[in-house]
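Q: One-letter residues, chain by chain:
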Amino acid sequence: MDFNFTDEQTMLRDSIAKFVAAEYDFDKRKAILKSADGWSKKAWATFAELGLMAAPLPEEYGGLGGGPVDTLVIMEEFGKGLVVEPWLQTVVIGGGFLKHAGSEAQKQEHIAAIASGERIVAFAYAEPKGRYNLSDVSTTAKKDGAGYVINGHKAVVIGAPQADHLIVTARTAGGQRDAKGVSAFIVAKNAKGVTTRDYATIDGFRASEVYFENVSVGADALIGAADGALPLVEKVVDEAIAGLCAEAVGTFRLMHSLTLEYARQRKQFGVAIGSFQVLQHRMVDMFMATEQSISMAYMATLKLDESDTERAKAVSAAKVQIGKSGRFIGQAAVQIHGGMGVTEEMRVGHYFKRATMIDAQFGNVDHHVKKFTNLSMPQAA
Amino acid sequence: MNLEYSAEEIAFRDEVRAFIRDNYPAHLRDIESRDKMNREDFLAWHKILGKKGWSAPAWPVEYGGTGWTSTQRYIWGEENALAETTPLLPFGLSMVAPVIYTFGTPEQKAYYLPRILSGEDWWCQGYSEPGAGSDLAGLRTTAVRKGDKYIVNGQKTWTTLAQYADWGFFLCRTDPDAKKQEGISFILIDMKSPGVTVRPIIMLDGGHEVNDVYLDNVEVPVENLVGKENQGWTCAKFLLAHERSGIAGVARSKRGVERLKDLARAELADDGGPLIRDDDFRRKIAELEIDLSALEYTELRVLANEHAGKGPGVESSLLKVKGTEIQQRLTELAMEAVGNYTMPYFRSAGDGNDFAVGPDYAKMTAPSYFNMRKTSIFGGSNEIQRNIIAKMVLGL
Ligand SMILES: Cc1cc2nc3c(=O)[nH]c(=O)nc-3n(C[C@H](O)[C@H](O)[C@H](O)COP(=O)(O)OP(=O)(O)OC[C@H]3O[C@@H](n4cnc5c(N)ncnc54)[C@H](O)[C@@H]3O)c2cc1C
Chain A
103 MDFNFTDEQT MLRDSIAKFV AAEYDFDKRK AILKSADGWS KKAWATFAEL
153 GLMAAPLPEE YGGLGGGPVD TLVIMEEFGK GLVVEPWLQT VVIGGGFLKH
203 AGSEAQKQEH IAAIASGERI VAFAYAEPKG RYNLSDVSTT AKKDGAGYVI
253 NGHKAVVIGA PQADHLIVTA RTAGGQRDAK GVSAFIVAKN AKGVTTRDYA
303 TIDGFRASEV YFENVSVGAD ALIGAADGAL PLVEKVVDEA IAGLCAEAVG
353 TFRLMHSLTL EYARQRKQFG VAIGSFQVLQ HRMVDMFMAT EQSISMAYMA
403 TLKLDESDTE RAKAVSAAKV QIGKSGRFIG QAAVQIHGGM GVTEEMRVGH
453 YFKRATMIDA QFGNVDHHVK KFTNLSMPQA A
Chain B
468 MNLEYSAEEI AFRDEVRAFI RDNYPAHLRD IESRDKMNRE DFLAWHKILG
518 KKGWSAPAWP VEYGGTGWTS TQRYIWGEEN ALAETTPLLP FGLSMVAPVI
568 YTFGTPEQKA YYLPRILSGE DWWCQGYSEP GAGSDLAGLR TTAVRKGDKY
618 IVNGQKTWTT LAQYADWGFF LCRTDPDAKK QEGISFILID MKSPGVTVRP
668 IIMLDGGHEV NDVYLDNVEV PVENLVGKEN QGWTCAKFLL AHERSGIAGV
718 ARSKRGVERL KDLARAELAD DGGPLIRDDD FRRKIAELEI DLSALEYTEL
768 RVLANEHAGK GPGVESSLLK VKGTEIQQRL TELAMEAVGN YTMPYFRSAG
818 DGNDFAVGPD YAKMTAPSYF NMRKTSIFGG SNEIQRNIIA KMVLGL
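Those protein sequence lines, which keep their order, are chains A and B.
Its first residue numbered 103, the first sequence is counted upward by one per residue in our numbering.
Its first residue numbered 468, the second sequence is counted upward by one per residue in our numbering.
The following block holds chain A by itself, in its conformation from the complex (with noise of 0.2 Å):
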C-alpha cells in the first residue's frame, strides 16, 4: 500500500502548476477562451515540451511509458489551472484507443505523432438521443469492398475544433443498442464526407457537432476487433473518467481554499463572515467532500488495470462522489461568496462551472449510480 507520488510524478506535478502560474492564470485564460479558436496552441506546444504528451504513451512509440497516476497528475493540475485544451482527448482518450488495440501501422502512425504534440484527437461517440450509454450507437459503418462507409452525427465532440482526427464508434451490426457490432474507426477530420459545426461549451471548452456522410476509409482505419470494440470503448472511457475525477479534484480544491479566503477576508456586521459557525461547518463539509473526493479518485485510478468488473465498479463509484461532491462543493463555494460567486469575475464561478459539467460528461450520477448497483447487486444473482 503506497499512496506517495515518485520524484518525477512531483516534478511533473510541479512543472505544470509553475506554467498555469505564468501562463495559464485567470486573465491569461480568458483572453485564450476569448480569442477566435477559443484555446493556445502555445500551451498545446509547452505541454508537449513538458513531456504531458508523451507522459502515458508507451516508450516504444515516442512515449516516456508513464500510467494512470501521471494523468491522475496532470488532470489535476489542469483542473486546478481549468486548462480547457483536449489533452484528456487527445493522449488518455485517443492514446488509450491505440495503445491497447491499435493495429502496429496504427501505433507507428498516431502514438509518436500524438506524443510529439503534432497530433490532436477528439472522440465522437455520444449521439443526439444516446444520452450516456455507450452502445447506443445508430451511426453506421457499412462494409465496402476492403474498408467502410459511415454515415450518422454524433453530439458534443469535445476537442473536434482542434482535432485533426477523431476516433468514431459506429455500428456495423446488430441493433441500435445491442452490445455486439459495435466498432472504433480513426478518422482523420478532413476525410471527405465529414462536417463540423464548432462551438464553446459553457466551461469554456470547444466542441462540435459532427456529421459523417458516405465517408469512405479503408480497413486500415478500423481500431481493435470489427464487430467487437464496447469493451474497448468502455475501458478507454474509464480510464477518461478516471482522469475527470482527477481534474474535478482539482477543481474541488480550489473552489475550497478559494472559498476559505474569501470567508476570512470578507467582513458583515463587524466580523470575518469565516465567523458565523453555520458557514464554517459548510465549509467543512465542503472539506470532507474535497477529501472523500481525492481518496475516491485514486481508488479509480489505482484499479483501471484490474478486471473489466472490478474497474467499472471503483470509477461508477468515484464518478458518483465526484458528481455529488462537485454539486455540493460549487453550490457552497457560491454561496459562501454571496452576490460576489455569481459574477464572471471570481475565480470560483469558472470552477463552479466546470465542475458542473464533469458531471454531464461520461454518465452523471444517476447513470453510474445504476451502473454500480447492477455490478454490485447483479439481479441474476
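Worth flagging that the hints you see were computed from the coordinates, not collected in a lab.
Check the hints yourself; a few may be wrong.
Derived coverage of chain B by chain A (criterion: at least 3 residues anywhere in the stretch with Cβ under 8 Å from a Cβ of chain A; other residues may be distant) [said to hold, decoys possible]: (1) 560-567; (2) 728-738; (3) 757-771; (4) 805-813; (5) 832-843; (6) 846-854.
Some, not all, of what chain B presents toward chain A, calculated at C-beta under 8 Å [to be verified]: (7) VAL528; (8) GLU529; (9) GLY600; (10) SER601; (11) TRP625; (12) ASP747; (13) PHE748; (14) VAL824; (15) GLY825.
Taking lysine-lysine and the DSSO-like style, the derived pairs with C-alpha atoms no more than 27 Å apart in a straight line are [as the list claims (entries may be wrong)]: (16) B:LYS704 with A:LYS426; (17) B:LYS858 with A:LYS369; (18) B:LYS704 with A:LYS369.
Bear in mind that the values here come from a model prediction, so they are computed numbers and not experimental data.
Ideal placement from N, C-alpha and C gives every residue a C-beta, glycine not left out.
Position chain B with the ligand against the provided structure of chain A, taking the given hints into account.
A: Using the frame of chain A, we list chain B with the ligand on its own:
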C-alpha cells in the same frame, strides 16, 4: 377549512384566463431568456395590464389596486404562471409603491403611483453596497442636506436592471453620528441626474442583469425623501418583508414542474425509453412536486392569516427559503435531464455561437442553473432568513 373554488371564483378564473389569452403579446412568447429582452419587452405586459387596471392587484383600491380577495389574487398568479407571461418587475409595483403609499406625502403618492401602475417609470433598488450586503445597515452612501437639496455620494452594487431605470430608491446615510440603523434615509433619485453612472456586472451565465451604480455629488430635491429623515430603516424593513412575500414563486414553480415533465417525456433514458419512465428520474420529479405542494399550502395558510389582518410576517422568510430551494432544484433537474446537450453555450452573440444545436429546450438549462444560484443569495440570503426565523420565530 375548504379548498374548493366558489362559482364566482371559477367565473373569475375564466375571465382572467380569457383576458390573458386575448391580450398577452404573441412576440413575448418566443423570447427564450431574460437576456434577450429589451426594455419594451419587459414593460409590454405591464402596460397592457396598466390600461386594464390589473397591474397591481395587491395595492389598496384607493391607489389603483383591484380589490381582489386573496383567492382571486392567487388565481391571478396561477393563470399568469400557466400562460407563462413575463413576470412584472417588482421594483416599482411591489417594492417602492407600498413604501410610497404607506409613508409618502400626498404629492409623492399623486405623482409616482400612477406612473408605476401604468408602467411609465422603471424603478431600481439601491440598497446593497460593496461593503453592505447581508449587513445592509452598514451602508455608507451619504446624503448631505444643502438648502433644498441632498448631495448624494457613494456606490451601490448589484442593482438589478438599473441599465433601464428611470428612478431608483436609495438608502443613504443622513446622520453619520447616529447608531447604524438610525441615521438612514429613504430617498428617490432620478437616474438621469448628473453624477449617476451605471456600470454592468456580468454574471456567470454571461447575462447582464445587475450593475454597479456610482453616485458622485448627485443633487436630489429634498421632497424626494420618503418618510422622515433618519427613519429610512423603517421603510427599508417594511419593503424587505414585501419583497420576500412574492419570492416563493409557487405558481411559476408549478409550471416549471410541468415543463420538467415535458422535457422528461421528450428525452430518452439510457435504455432508449422515455426519461419520464426512468425510475430514478421520475422519483426525483415526484419528490420535488411534493415539496412544492407543501410550500403551496404553507403559502396559502400564510395568505389566509394576512387576510385576517396580520401583515406579512416572518413567515415570509420560510417562503423565501423553501421557494428558492425549489426553483434551484428545478434547474438542476432540467440540466440533468438533457444530458450532453446541457454543455453547448449559445448566449454570447458575436463569438459565432448564435446558432443552436441539440433540442431547443436544452440550450438554457446550464445557464439557468448557474443564474438561479442567485436566488439563495439575494433578497436576504437563505442563511440570513434562517437567522431571522431562529430569532423571531424560535426566540433563540
Ligand atoms: C442577482 C442579484 C441581484 C440583486 N439585486 C439587487 C438589487 O436590485 N438591489 C439591491 O440593493 N441589492 C441587490 N442584490 C444584492 C443582494 O441583496 C446581496 O447580494 C445580499 O444581500 C447578500 O449580500 P452580499 O452579496 O454582500 O453577501 P455577504 O453579505 O457578503 O454574504 C456572504 C455569505 O455570508 C453569509 N452571511 C452573511 N452574514 C451572515 C450571518 N450573520 N450568519 C450566517 N451567514 C451569514 C451569507 O449568507 C453569504 O452566504 C442582488 C444580488 C444578486 C446576486
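Q: Confirm or reject each hint.
A: Status of each hint after checking the structure:
no. : hint                   : result
1   : 560-567                : violated (count 0)
2   : 728-738                : holds (count 5)
3   : 757-771                : violated (count 0)
4   : 805-813                : holds (count 8)
5   : 832-843                : holds (count 8)
6   : 846-854                : holds (count 4)
7   : VAL528                 : 37 Å, violated
8   : GLU529                 : 37 Å, violated
9   : GLY600                 : 5 Å, holds
10  : SER601                 : 5 Å, holds
11  : TRP625                 : 5 Å, holds
12  : ASP747                 : 5 Å, holds
13  : PHE748                 : 7 Å, holds
14  : VAL824                 : 5 Å, holds
15  : GLY825                 : 7 Å, holds
16  : B:LYS704 with A:LYS426 : 38 Å, violated
17  : B:LYS858 with A:LYS369 : 22 Å, holds
18  : B:LYS704 with A:LYS369 : 22 Å, holds
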